[in-house]
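> This is what each chain is made of:
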Amino acid sequence: MIDTAAALPFPVSERTLASGLRVVAVKVESGGLQAYYSIVRTGSRNEVDPGKSGFAHFFEHMMFRGTERCPQEAYKDELRRIGASSNAATFNDYTVFHILSSSASLEKIVELEADRFRNLSYGEPAFQTEARAVLGEYNAGRSDPLQRMHESLAENAFTRHPYGHTVIGSLEDIEAMPDHFAYSRDFFDRHYRPDNAVLLVVGDVCDEQLFAAVERHYGGWGQGPGRPTIPEEPPQTRENRVALDWRGPTAPLLLEGWRIPAFSTENLDLQALDLLAELLFSRHGRLHRRLVLEEQTVESLSGASDVRVDPGLFTVLVRPRRPERLAEVEAAVDDEIARIAREGVDPRTLRDALSHVRYSFAHALSSADRVAKVGAELISLAGELGVLNGYRARFAEVTSEDVRRVAGTYFQPTSRTLVTLTGSPS
Amino acid sequence: MIRTILLPSATSPLVSIRVYFGVGSVCDPRGKEGLAALTAAMLGRGGSRSRRYAEVLAALYPMAARIDTQADKEAVVFSGTVHRDNLEPYADLLADQIVQPRFADEDLERNRRDALEHITRRLRGTDDETLGKEALGALLYRGHPYGHPCAGTEAGLAAITLSDVKAFHVGRFTQDRLILGLAGGYPDDVPARLLERFTALPPRGLPLPVLPPPPARRSAEVLLVEKDAPATAISLGHPLRITRAHPDFYPLTVARSYLGEHRTFNGVLLQKMRGLRGLNYGDYAYIESFIQDGASTFPLPNLPRTQQHFEIWIRPVRPASALFALRLALREIEVLRTDGIPGPDFEETRRFLLHYSRLWTQDDSRRLGHAIDGLVHGVDIVSELARRLPTMTKGDVDRAVREHLSTSHWAAALVTSQAAALRRLLLQGAPAPITYDTGSMPPEVLEEDRRIESFPLPVSEAATTVLPVASLFAS
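In the order they appear, the protein sequences are chains A and B. Each residue of the first sequence is one higher than the last, beginning at 1 in this note's numbering. Each residue of the second sequence is one higher than the last, beginning at 427 in this note's numbering.
Treat the hints with caution; some may be incorrect.
As the list claims (entries may be wrong) - Here are some of the chain B residues that sit facing chain A, going by a computed Cβ distance under 7 Å:
# : residue
1 : M489
2 : Q526
3 : R547
To be verified - FRET-style restraints, in silico, Cβ to Cβ:
#  : chain 1 : residue 1 : chain 2 : residue 2 : range
4  : A       : L244      : B       : P434      : 49 to 59 Å
5  : A       : S360      : B       : E481      : 15 to 25 Å
6  : A       : G222      : B       : R777      : 27 to 37 Å
7  : A       : D195      : B       : T819      : 47 to 57 Å
8  : B       : P868      : A       : A18       : 33 to 43 Å
9  : B       : R539      : A       : S360      : 49 to 59 Å
10 : A       : E124      : B       : D494      : 44 to 54 Å
11 : B       : S476      : A       : R348      : 18 to 28 Å
12 : A       : C206      : B       : P635      : 51 to 61 Å
13 : A       : G51       : B       : L801      : 53 to 63 Å
Note that these hints are calculated values from the structure, not bench results. Predicted, not measured: the structure shown is a model, and the values here were computed from it. Cβ coordinates follow ideal geometry from the N, Cα and C atoms, glycine included.
Put together the whole structure using the sequences plus the hints.
The following block contains the structure:
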């Protein structure tokens, strides 16, 4: 069996600069490659100002617009010269810029990244053009009804917290983005700061060489103005239900979200919720067996505990084959949650789920880049990588009673938002 | 008779297995389109003689293992990665699935429904970009064995019986078509034992169909797929006469990367459409079949095709910008044909590919997939790029571009709500000026816009078709 006490079986070293910038090196044999991740702990969660949904993601785009010393074209050419794969992604709680390349390029990458994080420079025309590329990204997803479903789920599940909009933002706010040039400079000034960033480098990396290079290039990066307070979401007191129509053919869809607690290492609730998601929605689970395999009334069903910095949602997505099955499928999910809340789970089923969770994590570490992805997510939640092994190890402590308890606690109708969508034939 | 590829890595706790068969949708009988993919689904996502499918899933679950099933035009691959703790039960189960499938009625109906939903709901309904690519494929290979989606057609899937599936398995999933690959930290005795399991398959299969050449293109052709789409997805391209086995493939790879390396910011198409003009999210070029591997930017391995085509993927644009975007892409090809690749770009793209291609094999499963592709093609693309790029010249690239890329014999598929209007504009041949709703554009961009908007799109009335989306992939 794999050792759950060492979920991340690689040497890790850390250094924190005087500016507050934390640097983490994870040594993984990777054939001379490294994954260089710059994690900014700002995501759509930090979009507190009205009319600015999607701005963290927009700013991810702007980070590729260059500096005076290294303009956009020069930055692109430098990365092309070293044969790097480079991109970025924005989530609810963080934005990550990642570069996969030969380890021999470490010094150059540190230099390039330090420059753009400290000295980003762009004019209003470039800003406005990039805003339209963001609109293009939104449009690329518009034929998928899930984009509309997730917008609706967020809008209805949260009343004050910025989790009430999706990461890419609302169409209305995206269309207005070209008007917010001055705001964008302020956004950079507030959020792209060393005390809000972590560098994570995974692969064939020499930690001392990395730390020295970071000291050299990021050394003068200073702290900025404070970041805005994020409004607290009040407790949900009633169930929200929304029914959407869709023009065109689509599978009918059921998307549910139940409020769950924020990331924490204080108790076992999040591990128990992860296991509950496995028990409810794995392809080995009772619901899948009945609805997908035996009755064949459902094309697919899935569920996950979406753990975030602030209280988030346990989400469920079901694709029945016919719209008239939506109510029946909703009831089937409810019944299964209620059964686990009543009866708990038998030892063998729990043992299988624990085994699945352990091996899934081991599989997720198959390359330096994948290790970095796992690390970035945890850093976004905890601010550090050090809690990972302890957090993973505690899965082994979860009992049937823990699973029963979280099923009974968090899955009350008053903490649910439910969105359904049905399409027209053509 | 069974070919094997072994890539041991003693320190790895994981083991990847790929079971590759040189068979695919080119073997679908006429009227039974989708048979190869449905048979593959019955093996990868069905029961075996010893286990119902629910029991297969129950056995895989504690291992966190899966059987990934990929069915393409000329290859079907079953693959998975497991921790070495679980290698023996996983390998046994995988062999059972492929050698002794259950062929249960309930598995057939479920897999058939999934395939039909892929066509009628996903392609026609909710994924306009993939729809555009499949529509281009249907246009380029009309009447050819590549001319239908690998998943099949509505009528083809409806016509397939369990007897068809059983016969296809016996006749096509045979030892002579099989390449078995293992990579990672497996014990020494496992490959031989797994190989032995597959000797229960029939030794030889039915001969593969001989592919005709793609239909000859005498001019440009446009298919406008009419659907209620907020933005217009565009794919364009034309057949190529070369594959990885041809020396010109490698200089053309440099040209392809210069035009638009998949999901990178390097390409001139992306720079001009997104970077300078904010038209859309991305624009990329391909000279062989490409499916993105998960969330990575790299291609899935094991999609070999004996015939390939050049393709440009223009991500959705506003309908009013669609013809401008199409003209911009074609004009860039024409500029490349006429002026050649700029010297500095040639040098940087060549250098980029030397390093970047190493990233294609960054884990055991991908390394194994590439090794299998090397065996199928007779050349390993990463090694071949490493060998050829250092001595390649700008002249090699320019000659390959002039030889193999065309701006007169192309086809394009546009998925749009404005099909009739776009058709009218295309046939009028009038310039397609673009307007910007943001601030001032640099004068050099506006100057180039004037040249792009009048770039000729010589399409005839007969070669400009509007089809309602519901008619695509029906039969």
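> The structure should be examined with respect to each hint, and the outcome stated for every one.
So, going through the hints one by one against the coordinates:
Because the closest C-beta pair between M489/B and chain A is about 6 Å apart, less than 7 Å, the hint holds. Because the smallest distance between the Cβ of Q526/B and any Cβ of chain A comes to about 20 Å, over 7 Å, the interface hint for this residue is violated. Interface hint at R547/B: satisfied, since its Cβ lies 5 Å from the closest Cβ of chain A, which is below the 7 Å cut-off. For the hinted restraint 49 to 59 Å between L244/A and P434/B, the CB-CB distance of approximately 52 Å keeps it satisfied.
A hinted range of 15 to 25 Å holds for the C-beta pair S360/A and E481/B, which are about 20 Å apart. Distance hint for G222/A and R777/B: a CB-CB separation of about 36 Å, consistent with the stated range 27 to 37 Å. Under the hint 47 to 57 Å, the C-beta atoms of D195/A and T819/B, about 51 Å apart, fit the expected range. Checked against the hint of 33 to 43 Å, the pair P868/B and A18/A passes, with Cβ atoms roughly 42 Å apart.
Distance hint for R539/B and S360/A: a CB-CB separation of about 28 Å, inconsistent with the stated range 49 to 59 Å. Distance hint check: the CB atoms of E124/A and D494/B are about 47 Å apart, consistent with the given range 44 to 54 Å. S476/B and R348/A have their C-beta atoms about 21 Å apart, which keeps the hinted 18 to 28 Å range intact. The beta-carbon spacing between C206/A and P635/B, approximately 55 Å, falls within the hinted interval of 51 to 61 Å.
For the pair G51/A and L801/B, the beta carbons lie near 57 Å from each other, so the given range of 53 to 63 Å is met.
Checked against the numbered hints above, the structure breaks hints 2 and 9 and satisfies the rest.
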